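Undergrad: Protein chains in written order, with our numbering: chain A, 5 to 327; chain B, 2 to 435.
Hints are computed from structural coordinates only; laboratory data are not their basis.
Predicted, not measured: the structure shown is a model, and the values here were computed from it.
Wrong hints could be hidden among the right ones.
Here are the computed lysine to any residue pairs in the SDA-like style, where the Cα-Cα straight-line distance is at most 25 Å [what the hints assert, rightly or not]: (1) A/K157 x B/L182; (2) A/K92 x B/F242; (3) B/K22 x B/E136; (4) A/K151 x B/K44; (5) A/K151 x B/F242; (6) B/K44 x B/V108; (7) B/K44 x B/E136.
Distance windows between CB atoms, simulated [what the hints assert, rightly or not]: (8) A/G38 x B/V226: 33 to 39 Å; (9) A/I213 x B/E7: 55 to 61 Å; (10) B/K22 x A/Y308: 55 to 61 Å; (11) A/I213 x B/E85: 38 to 44 Å; (12) B/V226 x A/E107: 39 to 45 Å.
Glycine included, each C-beta is placed from N, C-alpha and C at the ideal position.
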Amino acid sequence: MSTQTLAPPAPAAVRPAAGRAPAVELRNVSHWYGNVVAVNDVSFTLDGGITGLLGPNGAGKSTLLHMMAGFLAPSAGEVLVDGRPAWKNPQMYRSLGLVPEREAVYPFLTGYEFALMNAQLHGLPDPEAAAERAMDTVDLRAAMHRKIGGYSKGMRQRAKIAGALVHDPGILLLDEPFNGMDPGQRMQMLELLRDLAARGNTILISTHILEELHHLANNVLVVVAGRLAASGHFREIRRLMTDRPHTFTLRSSDDRSLAAALMADPSVQGIELGAQGITVRTTERTGFARTLPLAARATGATLYELRPTDESLESVFSYLVKR
Amino acid sequence: MRNSVEMTLAGLAFRQLTSSKRSLWAVALAALPILLSVLIRMKSKTPEAAVGEYVIYWQTLTVAVLLPIIALVVGTGIFGAEVEDGTLTYVLGKPVARWRMVVTRIVVAGLATAAVLVPATLISGFVALEGMGPEGLVPALAAALALGGFLYCALFVALSLATRRALVAGLAYVVIWEGLLAGSFGGIRALSVRYYTQAFANGLVSADVIGSPLEPGKAAVLAAVVAVLAALYATRRLRRFEIGEAVLRWPMGRRRRGRTRRVLPLLLFAADVAGSAALGAARLLPRRDADELGERAGFGAANVLARKSCERVGRGADPRARGGGFDVQEPFKLRVGQRRALLRLQSRRHHARLLPRRDADDLRQRAGARPADVFGRQVRERVGRGTVSRACGLKFRFETLVELGIRQHVFEVRGQVEIVRISMGHGCHPRPGG
Numbered sequence: 005m006s007t008q009t010l011a012p013p014a015p016a017a018v019r020p021a022a023g024r025a026p027a028v029e030l031r032n033v034s035h036w037y038g039n040v041v042a043v044n045d046v047s048f049t050l051d052g053g054i055t056g057l058l059g060p061n062g063a064g065k066s067t068l069l070h071m072m073a074g075f076l077a078p079s080a081g082e083v084l085v086d087g088r089p090a091w092k093n094p095q096m097y098r099s100l101g102l103v104p105e106r107e108a109v110y111p112f113l114t115g116y117e118f119a120l121m122n123a124q125l126h127g128l129p130d131p132e133a134a135a136e137r138a139m140d141t142v143d144l145r146a147a148m149h150r151k152i153g154g155y156s157k158g159m160r161q162r163a164k165i166a167g168a169l170v171h172d173p174g175i176l177l178l179d180e181p182f183n184g185m186d187p188g189q190r191m192q193m194l195e196l197l198r199d200l201a202a203r204g205n206t207i208l209i210s211t212h213i214l215e216e217l218h219h220l221a222n223n224v225l226v227v228v229a230g231r232l233a234a235s236g237h238f239r240e241i242r243r244l245m246t247d248r249p250h251t252f253t254l255r256s257s258d259d260r261s262l263a264a265a266l267m268a269d270p271s272v273q274g275i276e277l278g279a280q281g282i283t284v285r286t287t288e289r290t291g292f293a294r295t296l297p298l299a300a301r302a303t304g305a306t307l308y309e310l311r312p313t314d315e316s317l318e319s320v321f322s323y324l325v326k327r
Numbered sequence: 002m003r004n005s006v007e008m009t010l011a012g013l014a015f016r017q018l019t020s021s022k023r024s025l026w027a028v029a030l031a032a033l034p035i036l037l038s039v040l041i042r043m044k045s046k047t048p049e050a051a052v053g054e055y056v057i058y059w060q061t062l063t064v065a066v067l068l069p070i071i072a073l074v075v076g077t078g079i080f081g082a083e084v085e086d087g088t089l090t091y092v093l094g095k096p097v098a099r100w101r102m103v104v105t106r107i108v109v110a111g112l113a114t115a116a117v118l119v120p121a122t123l124i125s126g127f128v129a130l131e132g133m134g135p136e137g138l139v140p141a142l143a144a145a146l147a148l149g150g151f152l153y154c155a156l157f158v159a160l161s162l163a164t165r166r167a168l169v170a171g172l173a174y175v176v177i178w179e180g181l182l183a184g185s186f187g188g189i190r191a192l193s194v195r196y197y198t199q200a201f202a203n204g205l206v207s208a209d210v211i212g213s214p215l216e217p218g219k220a221a222v223l224a225a226v227v228a229v230l231a232a233l234y235a236t237r238r239l240r241r242f243e244i245g246e247a248v249l250r251w252p253m254g255r256r257r258r259g260r261t262r263r264v265l266p267l268l269l270f271a272a273d274v275a276g277s278a279a280l281g282a283a284r285l286l287p288r289r290d291a292d293e294l295g296e297r298a299g300f301g302a303a304n305v306l307a308r309k310s311c312e313r314v315g316r317g318a319d320p321r322a323r324g325g326g327f328d329v330q331e332p333f334k335l336r337v338g339q340r341r342a343l344l345r346l347q348s349r350r351h352h353a354r355l356l357p358r359r360d361a362d363d364l365r366q367r368a369g370a371r372p373a374d375v376f377g378r379q380v381r382e383r384v385g386r387g388t389v390s391r392a393c394g395l396k397f398r399f400e401t402l403v404e405l406g407i408r409q410h411v412f413e414v415r416g417q418v419e420i421v422r423i424s425m426g427h428g429c430h431p432r433p434g435g
């Protein structure tokens, strides 16, 4: 299979035939470190295409990925890759590649040597050709004979991806692949990943930034505090995250009359008047954004400060969990 | 193709080693024996004395300190660095059996250790002895070091996968286990790489210049068992390798400390028993010799000697030896000047029996470390008179005889009555179950 170039395989292989085991399947998977539950009863299947694994830091994304890559034993449940357990099954690496989050790559190897090492350890019949192909795929040919120790973050990231791609795996797991990449490199990476997905590969990308998945992942899994909080199409998830009750605090020259004017607007759900200003709860962010300046002008109040109180990522996610 | 996987693994491990600063320290350590050899050369008047000095430094410095330290640095670093920075996943995420990774790395670590110590030993041997001494002595010492290096590496590789504090644990093993405990417990000695290394050297040198308390054949078997167990354990750990594993707690947690203190003597006792049991198991092997006879007889060398004297004068073999299920075909060559001296030997047997076992053990152990001095001192202590002189570590002369623990030596004994010459050597061929 290694001689096969990265050219698109026959269309039949793009989508798996019915009855074949899905590329990755998690059945009621939990993982805990001592008393800390990192992943709590998560089930999903991945089969073809790009899937985004979204969640705040510490939500258990990496734990999930590592379990899929066979580097963590599920404390409960089953993690199956191509229908077989991922844990203690090195043979599954023939069809799986992992790009770990940690930046460290052997600094004493060149990019090419790193890819070559991966190819040789996979026992590919022509490791040199595979390594060069992988270097081309990630567009590192120009720098492939330089030591990885001297690479930039983005180049290192691409070298890691080349190492994971060298045996043309059907499943590619990427842990925070966009960290440290500039917009140009990010675009390049998007192209590459979309390209791979078009060939029927199953790709899972973990990230804590929703927008990174824009135009990339059709399917998004949201993980919060170890639980699968939501899953669905990117647009669906984004709508869920933006159109939700928001809370703002604002200070103005005339809090009381401003509060009264705002209360009249249908987008405002509740107002609390305190010594520090007013706290406004609204159901619709865009509507409120239009109402506020109008109300301020109508009452003649001067706005000093407008601040969303719960825009942190965690609160966005915890909202999703509460639903 | 299979070969190329191993070569790739080895190449990576090797480049990992050479790129780390810790390994440079290991190479620097190797200069020590060479410096010492120059000192020995300058200090020693006769080549025989140089041989003795050289062997002693080989045992106390190279085997006891340099070998374990270098192997510790190399062995724990060969997986440790990659575990630390997480790059091990690039190696582990491959469809390659884990035992192949373990074996390749142990071999690379062993080769690296040998590459540091073998040249140092050869050079220092050449400088100190200039080709004198027993034939093949220096190459044998170097080869024993290489073997011991592999063993240490196997052990430390396993350790580095067992705990994040492999360096500390390894140091504890070397200093406490091999340095302190093995001196007092015969069983622990049988489970210590340092003594294996000495036994290997003993087996490889034709003349017995290294008094080793372990018999080479037995040591080889025990060493092989230790190496295999270490590799199996490392493989098991690697198969269950988890990323971001919670840092293993040192077993001496605050709450556990009290329990550890209570359990520690038990553990020591268990280790001693296990080592003795391992020795016992190894004893079932076909290779038999004088040392073993001594052990079988139960009380160490003195009894054997006494027994041999009985045999020589035709009074039959020691009943205990009979009970052990073997027969002595041709006893040690024991030439006794006069019958009265022989009687002395026999009476000494009873003295030796009165010694507590620990004492006899200790004597043998010390004889192992420094045959002549200790041996001589022991004689003085027991008898309270007479002088012992030692020449080149091969010959002993002393006024009267108490115990002889080292085989293949020639002793000259000046008894109260006559000069007695005893040579203990090969020629003992017991038959199992005879």
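Undergrad: So, for every hint listed, does it hold in this structure?
TA: Now the hints, each set against the structure:
1. The hinted pair formed by A/K157 and B/L182 fails the criterion: a straight-line CA distance of about 51 Å is larger than 25 Å.
2. Of the pairs offered as hints, the one joining A/K92 and B/F242 holds, with about 9 Å between alpha carbons and a cut-off of 25 Å not exceeded.
3. The suggested pairing of B/K22 with B/E136 is violated, with an alpha-carbon distance near 38 Å, which exceeds 25 Å.
4. The straight-line distance between the Cα atoms of A/K151 and B/K44 is roughly 51 Å, outside the 25 Å bound, and the hint therefore fails.
5. A distance of roughly 28 Å separates the Cα atoms of A/K151 and B/F242; the hinted pair therefore is violated under the 25 Å criterion.
6. Of the pairs offered as hints, the one joining B/K44 and B/V108 is violated, with about 38 Å between alpha carbons and a cut-off of 25 Å exceeded.
7. A threshold of 25 Å between alpha carbons decides the hint, and for B/K44 with B/E136 the separation of about 22 Å falls inside it, so the pair holds.
8. Between A/G38 and B/V226, the C-beta spacing of about 35 Å keeps the proposed range 33 to 39 Å intact.
9. The hinted window of 55 to 61 Å between A/I213 and B/E7 is violated, with their beta carbons roughly 42 Å apart.
10. The given range of 55 to 61 Å is respected by B/K22 and A/Y308, whose C-beta atoms sit roughly 58 Å from each other.
11. Checked against the hint of 38 to 44 Å, the pair A/I213 and B/E85 fails, with Cβ atoms roughly 28 Å apart.
12. At about 42 Å, the beta-carbon gap between B/V226 and A/E107 stays in the expected band of 39 to 45 Å.
In summary, the numbered hints that this structure violates are 1, 3, 4, 5, 6, 9, 11.
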